Amino acid sequence: MNVERTVHIVDDDVAIRDALAWLFDSRGVPTSVYRSADDFLERFPGDHDGSAGCLVLDIRMEGLSGMDLQDRLIAAGIQLPIIFLSGHGSVPIAVSALRKGAADFIEKPFDGNALVDRVVACLEEEARRVELRTRHASVKEKLGDLTQRDREVMARVLAGKYNKVIADELGISMRTVEVHRSALLRKMGVRNAVELARLLADPQSGAG
Amino acid sequence: MSLVAAREFVWPARLSEPGPGYVAANIALILVMALLAVWVVLSHYWDREEQRRKLTADFLWVEQNFRFHVESDEISLDALGQETVERKLGPAEFEDRVRHLQVNNPELVQVALVDSAGATTLVYPVSVDEHGRPAPDALAATRGASKAALRSGKPVYSTLYRAPDGDPRFALYVPIFLNGALAGQVVGEFSLAAMMRHMVPWWYAERYNLMVLDAGGRVVAQKSNIGTDESMMSYEIPLTVPAGLSLRAVAYPPASGITRTLFLVGIVGLSLATLWSLLALRRDMKQRIAAEKELLAHHAFRQAMEHSMLTGLVVRDLDGTISYVNPAFCRMTGYAATELIGCRPPYPFSKPQPGIADAARDRNETQIHTRTGSRLDVLVQVAPLIDAQNRQTGWMESVLDVSERKRAQELSRRHAEKLQMTSKLVAMGEMASSLAHELNQPLAAINSYLVGAINRIRGGRLTEKELTEVLEVTAAQATRAGNIVHRIHAFMSRREPHRAECDLNRIAAGAVSILDAEADRHGARIRLELAAELPVLNGDSVLLEQVVLNLARNGIEAMADVPAQSRELEVRTQARDGKVTVSVADHGCGVAPEVARKLFSPFFTTKAAGLGMGLNICRSIVELHSGKLWFEQNGPGGSVFSFSLPVDAA
Numbered sequence: 000m001n002v003e004r005t006v007h008i009v010d011d012d013v014a015i016r017d018a019l020a021w022l023f024d025s026r027g028v029p030t031s032v033y034r035s036a037d038d039f040l041e042r043f044p045g046d047h048d049g050s051a052g053c054l055v056l057d058i059r060m061e062g063l064s065g066m067d068l069q070d071r072l073i074a075a076g077i078q079l080p081i082i083f084l085s086g087h088g089s090v091p092i093a094v095s096a097l098r099k100g101a102a103d104f105i106e107k108p109f110d111g112n113a114l115v116d117r118v119v120a121c122l123e124e125e126a127r128r129v130e131l132r133t134r135h136a137s138v139k140e141k142l143g144d145l146t147q148r149d150r151e152v153m154a155r156v157l158a159g160k161y162n163k164v165i166a167d168e169l170g171i172s173m174r175t176v177e178v179h180r181s182a183l184l185r186k187m188g189v190r191n192a193v194e195l196a197r198l199l200a201d202p203q204s205g206a207g
Numbered sequence: 000m001s002l003v004a005a006r007e008f009v010w011p012a013r014l015s016e017p018g019p020g021y022v023a024a025n026i027a028l029i030l031v032m033a034l035l036a037v038w039v040v041l042s043h044y045w046d047r048e049e050q051r052r053k054l055t056a057d058f059l060w061v062e063q064n065f066r067f068h069v070e071s072d073e074i075s076l077d078a079l080g081q082e083t084v085e086r087k088l089g090p091a092e093f094e095d096r097v098r099h100l101q102v103n104n105p106e107l108v109q110v111a112l113v114d115s116a117g118a119t120t121l122v123y124p125v126s127v128d129e130h131g132r133p134a135p136d137a138l139a140a141t142r143g144a145s146k147a148a149l150r151s152g153k154p155v156y157s158t159l160y161r162a163p164d165g166d167p168r169f170a171l172y173v174p175i176f177l178n179g180a181l182a183g184q185v186v187g188e189f190s191l192a193a194m195m196r197h198m199v200p201w202w203y204a205e206r207y208n209l210m211v212l213d214a215g216g217r218v219v220a221q222k223s224n225i226g227t228d229e230s231m232m233s234y235e236i237p238l239t240v241p242a243g244l245s246l247r248a249v250a251y252p253p254a255s256g257i258t259r260t261l262f263l264v265g266i267v268g269l270s271l272a273t274l275w276s277l278l279a280l281r282r283d284m285k286q287r288i289a290a291e292k293e294l295l296a297h298h299a300f301r302q303a304m305e306h307s308m309l310t311g312l313v314v315r316d317l318d319g320t321i322s323y324v325n326p327a328f329c330r331m332t333g334y335a336a337t338e339l340i341g342c343r344p345p346y347p348f349s350k351p352q353p354g355i356a357d358a359a360r361d362r363n364e365t366q367i368h369t370r371t372g373s374r375l376d377v378l379v380q381v382a383p384l385i386d387a388q389n390r391q392t393g394w395m396e397s398v399l400d401v402s403e404r405k406r407a408q409e410l411s412r413r414h415a416e417k418l419q420m421t422s423k424l425v426a427m428g429e430m431a432s433s434l435a436h437e438l439n440q441p442l443a444a445i446n447s448y449l450v451g452a453i454n455r456i457r458g459g460r461l462t463e464k465e466l467t468e469v470l471e472v473t474a475a476q477a478t479r480a481g482n483i484v485h486r487i488h489a490f491m492s493r494r495e496p497h498r499a500e501c502d503l504n505r506i507a508a509g510a511v512s513i514l515d516a517e518a519d520r521h522g523a524r525i526r527l528e529l530a531a532e533l534p535v536l537n538g539d540s541v542l543l544e545q546v547v548l549n550l551a552r553n554g555i556e557a558m559a560d561v562p563a564q565s566r567e568l569e570v571r572t573q574a575r576d577g578k579v580t581v582s583v584a585d586h587g588c589g590v591a592p593e594v595a596r597k598l599f600s601p602f603f604t605t606k607a608a609g610l611g612m613g614l615n616i617c618r619s620i621v622e623l624h625s626g627k628l629w630f631e632q633n634g635p636g637g638s639v640f641s642f643s644l645p646v647d648a649a
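Chains A and B, in that order, are what the protein sequence lines are. Residues 0 to 207 in numbering that gives the first Met the number 0 are what the first sequence spells out, letter by letter. Residues 0 to 649 in numbering that gives the first Met the number 0 are what the second sequence spells out, letter by letter.
Looking at chain A on its own, in the form it has when it is part of the complex:
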């Protein structure tokens, strides 16, 4: 999948912004720097499909703090992994941030490459998450095409029942069962019951 993997750096210290951009660039990670949280909110392209980025966020800043920005993003429904950078380790703040879904909380000064590694891991995870989300959306769409009888048959197929049994249970002929079965496999874009089971299992685990 062709996913844009940009690190969004938000820090009010120009030296930090510049140094981090230099650092990420040295590892081939594209960056985009913002001098404040407000600047980020203005210029952030948004969480559209296919884009997967990561936010490196300073806690203590002029104007909106890092925590405030996290709250805004949550309120706006933007799911972007956040790695907080902190000048001084404050456990309550860290706990609060992580509980709200922050990916990590790193204290300054940090080992440069360790930060990059963590950010890369985050980016990859985000990319996987975006892909899963996309797949989940398509399965949902396909399930929508099924008729009521298709779903009844599908539930029994997934339970591993033979056509004969399904026909008896539903009070229809074996022939009709076979018609429904081939229709639902076609509609779901799979070749057999095993693939169907995998398709339906994956997004569930991914979403969970």
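Don't read these hints as lab results, they were simulated from the structure. Computed from a prediction, not measured in an experiment: that's the story for all the values here.
Where chain B lies over chain A, by a calculated footprint (3+ residues, C-beta under 8 Å): (1) 10-19; (2) 24-37; (3) 100-113.
Just so you know, even glycine gets a beta-carbon here, dropped at the ideal spot from N, CA and C.
Fit chain B to the given chain A structure using the hints.
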């Protein structure tokens, strides 16, 4: 004087009613009085009986005497008559005889001899009848008796008659026989009054009034003329001769009656006096009982007051012996009153001091030791104890437990101290935090620049120009970090030490005195071992005191987990090699080697509430004075923190 009122006073159980002794005394007294009265009555009765018996005896005697007299007179007259007739005596002889008779019998007034024919032949003293013939005076009144005598030939007494002068008289006619034939009769005239006069002896007359009564009960003669009345004892019998008369004796009240009455009056008076005094005694006793009741109530009230009092009271003699303590003091100290009374200094509750308080001052705050060994802050007020003779007999001390108050004061002081400390620490923490943040920024930037550069160099895609640029910005960040550090230093050294001449002995002692209370709270003791003489240093005594305080406080806290008896902190000063050394040794848990390495690094602490600045600051202060601070193990357990300052440092 004795102030042993300390022991609980027990009142007699029976107080309201008089004792059996009192009742018995009353009964005995009443019995005595009754017996006395009975005795008086009985003795009066007995006296009367005795008097009556005596009266009877005396009376019978006098009556007998009377009769004997009359009879002897009769015999004398008879003899005279016989002689006169037989010897035919002449008048002169007769007169002589009669005179002789009259000497012994003065009651014989006149004697006459009458012949058988009735003619008077002899009469003496001479008297004549109306015809001028000699005749006895009595004959006219008693002719019947004369005739009866002549007729019967026996002596006959006439009835009583009155002489012309009123003298009661009677006559005796004695017939005279000569040779068997009546020859005449002798007439004797008796004066009853004279008879009474001569016959009754004086002693009789003193006791009795003897009187002769006629048949009508009229008094015809009596010995005494002292008046008598009916109430007097009397005795009366009829006389045989002369007939128709009776003799009566009335007893005078005995002379001893006066004494007797006096006695009686005395006894009655004394009895009444005794009775009165008994009543007075009873009234007095009632008053006394009422007073005692009042006293008892008062005592109970006082005792209740004393028991409810919270102030301890101690009474000491002049020589210091405790004679009284109240329950509040016992509660305070935990000793029983019996353990304290009689105690002489040193008292169990005040080991270090000679008395509870210095007697010279009248108000003093001091400490006393309770039985359990804890110390109690008390306010002692002393007042001299003055007795009724205005002499001082001891001291009265009131002891008020102020430890709660002091504890509260101490608590609030510590609280304030802690608050101040906390705010200091908070400020310090804030500062450290903001400095850390500030310092972290350039450091993070430097790291990032350098790591980025390294990454590029490894990738072989770093141009020299790029390298130069990145190193330039990195250097700028390093400078920035340096500036921050400068600012920290400037902040830290904002307080310039206030140097002056100072004595480490005094500083150590001052710090220890500040910590004494805290040590006591932790159950620890501080031993101060000061060098005899220390060279004077030039330094900031406030800062140095802070160092000693800090080290000592650490030591005390380090001993929290060891047994109480080994919680001893030693603070020692000594001068050696041009240096003055202060060491603080504890017997605590000691310092583990891995801890020892980090001991002086900032923000390192083993205490839950510590910031890890204490030792660090101490070292800074010591180094400010060009000294050094170090740490050693103290024997098996515990540690010694010492710092030494050069004497000539200034």
